[in-house]
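K.L.:
Line by line, the protein sequences are chains L and S.
Position 412, counted from 1, in the first sequence is what the working numbering calls 413; the numbers after and before it change by one each time, with no gaps.
Position 238, counted from 1, in the second sequence is what the working numbering calls 249; the numbers after and before it change by one each time, with no gaps.
Hint data in this document are derived by calculation from the structure and do not stem from the laboratory.
Just so you know, even glycine gets a beta-carbon here, dropped at the ideal spot from N, CA and C.
Any given hint could turn out to be false.
[Unchecked claim] Which chain L residues face chain S? A few, computed with CB under 7 Å, are given here:
1) Gly84
2) Thr96
3) Ala97
4) Tyr468
So the chains spell out like this:
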Amino acid sequence: MSLLQIQNLSLSIHGQPILKDVSLSIDPGQIVAVTGESGSGKSMTALAVMQLLPNGADATGTIELDGQELLDRPEAQMCALRGAAIGMVFQEPMTALNPVKTIGDQVMETILIHKAMPPARARARAQEVLERVGLPPDRFPLGRYPHELSGGQRQRVVIAMAIALRPKLLIADEPTTALDVTTQAQILDLLKDLVLEYGMGLLMITHDLAVVAEMANQITVMRHGEVIERGATQHLLQNMQHPYTRMLFEASDHQVNLPDPTSPQPLLEVTQVVREYRLPRTGLFDTPGSHRAVDGVSFTLNRGERLGLVGESGCGKSTLTRAILGLEEVQSGQILLDGQPVFSGHRPNLAVRRKMQVVFQDPYGSFNPRHRVARLITEPFHLLEVPPTGTERQERIAEMLTAVGLRPDDAGKYIHEFSGGQRQRIAIARALITRPELIVFDEAVSALDVSVRAQILDLLADLCAAYDLTYLFISHDLSVVRTITDRVLVMQSGKIVEQGETEQVFSNPQHPYTQTLIAAAPKLPDIHVETA
Amino acid sequence: MLRYTLKRLLSLLVSLAVASVVIFAVIEVAPGDPASFMLGVNAQEDTLAALRAELGLDVSKTQRYFNWISGMLVGDFGTSYTYRTPVSQMIADRLWVSLPLALYALTLSTLIAFPAGIYAAARRGKPGDLTVMGATQLGIAVPNFWFAMMLVLIFAINLRWFNAGGFAGWDNGFWTGLHSLTLPAIALALPQAAILARVMRSSLLDILAEDFMRTARAKGLTRRQALWRHGVRNALIPVLTIIGLQFSFLLAGSIIIEQVFYLPGLGRLVFQAISARDLIVVESVVMLLVFAVITVNFLVDLAYAAVDPRLRSRT
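Turn these sequences into a full structure, and let the hints steer you where they fit.
P.N.:
Listed below in structure tokens is the structure:
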């Protein structure tokens, strides 16, 4: 008998249908992945199992855990099951822990709330599980607070809370999406080991097909609240029946054709740049220490070249980007764009500043919701000495919107009328409108679904051909950097540890850190997808 | 935590020093010579000079500032220009009314606001929440002097549970004193409670939407357990800020209520002193209030650190 059996689960929230006839099952010791793009209903399926649905939710069908129906259980009984029989791990480890309680208290709470053992034994158990998830008590005592831990360590605490009572079923909702590749690999290994060791069933929700392919025994693909395909991982990947599954698979490893870069002629020259931050004093009369976020970085970006910058969080990518954009002064070294310094004296050099634009990660947070698109994309005009007006301005707006695949009359709309992918197109239009010499893409496709990401990457390739773009593409996603750049820099602890032709670096990494990064990144199995 | 406390303490001392200079300067530039005010327009020039010397007004401003500060450090606040009694004595008498009144009102307001705010947040959008929110709307809208008069009308004149005004003094026993402060404290507390309840509610609602509340529910906590164990403490930071502001207001800003209930408090003292150009009293009371405000802020800072471990490790 299956451990978890979901049959014909339908869900509506305030009358709005969310899930339609979802069925799936998990056996003990089995990893079942539910995958699909945002809005496909994968997280709602998980929350339905936990019975932690939002207000106004109405679920029909059956969800059986060990043969016991969950849907019609009273709340008190569900509370007894949550945390004891079903554990759950969430996406965002930075916010999933209560900031004012120690990690020990939070792990112990799972045990004590179910009155599973007396406090003294609960404490010992908390120590035990924290050690099991890789946080040994000598280095991570129970009295630590969440803010003293990194993202990966916090996710380990969340996992420890979820497995403290050895639940039969563990639900992990995008458990590694917010983590670096090397941390992701460790957390995935930990989850796999725990499933083996405890004989748990693992329901894993993820949008990342490469993770699915490496982890899961079974795959369920969802779209618009429906299961469109499911089966054993290897079998499903080799015989994808549904066109949507094939599209997802292709889009996950989308390749673009960049035009050849023009003759090398330096545009951006970064020489021996150092950026230090002062650390808080450790004692009242101590001299404060300092942290070198960027440590002697030098590179050149040629005109017409597409340069990638990869590295894990905290490696100094963002600091370097801010320095290049003239948002932050550096302590030593020089950043020249077109031969002119980005910083003149202690102020950003406006003449250089207007030659650069940036596209940020979050398509939802990087626009003022009260302005219309026309105003949003013409914002960079304030950098120009003579901003275009009247019909010239209208024409520029229309041209840019058309160039990024939108319509000229979209200019009169507000940003909330657009999807995430469309917003990122608008962000690109905003960056292009002054025809800058250099565009910085700061994790510009990281928040997008794979199919949308593929479209944006295609758009970038088209724009490269049309406008001869020069850009710096910063990303933690190695597969994207591999296809969208000509050359790549690998950054670790403030230093560039390796740089070279993208294909060369990826196929034959020289530095041990690059090798670790590439080895840790989950890979799609090499399956040829027949285009039906 | 010790370093955090020391740092806060240092900032407290600096704030006090700066405040004393500002208060002295502001009050000194205000027009009006206390000596000529006291003696009237027809006073003789030599009488005026003698009075100025007696009041310590004949030395340089810097000298007067240091005399004032050094006196205050040893509890000598000078002599009132109008009453010719030590200012410290005048302030102490009034403080024994105003300080207990402020604390009493603050306690009441907290006791009302916390349950009301938590109750409303837990039942967001439901009738209970709407009732509490409606009541707080009313509490903010009603002027407190009108509310005070209603209290007098109902509880003092009709029901005769309390005196309509005046302060019985602490000499007749703690409960008698407290009893005579009850109506003014309620009048002061209700509008504050309304504000505090709204802050508590909205702060708690923000926290309830946090990811860690969902984590707590996934561990098997009931809605109520999650609210109490993980919600309330996290919601306290903005609430503590408001409590600190309210205490300062209650200590000094209760002049209308003191007037309605005929209480000999600090507010009335300042009012009378300003009318009589009794600058030394004004200076001293203002300095005292500044001291109270800064000290309360210091305590609020310590309370932040007690509530939130992230502040303890930060500098």
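K.L.:
Please go over all the hints and tell whether each is borne out by the structure.
P.N.:
Verification of the supplied hints:
| no. | hint | in the structure |
| --- | --- | --- |
| 1 | Gly84 | holds, 3 Å |
| 2 | Thr96 | holds, 4 Å |
| 3 | Ala97 | holds, 5 Å |
| 4 | Tyr468 | violated, 41 Å |
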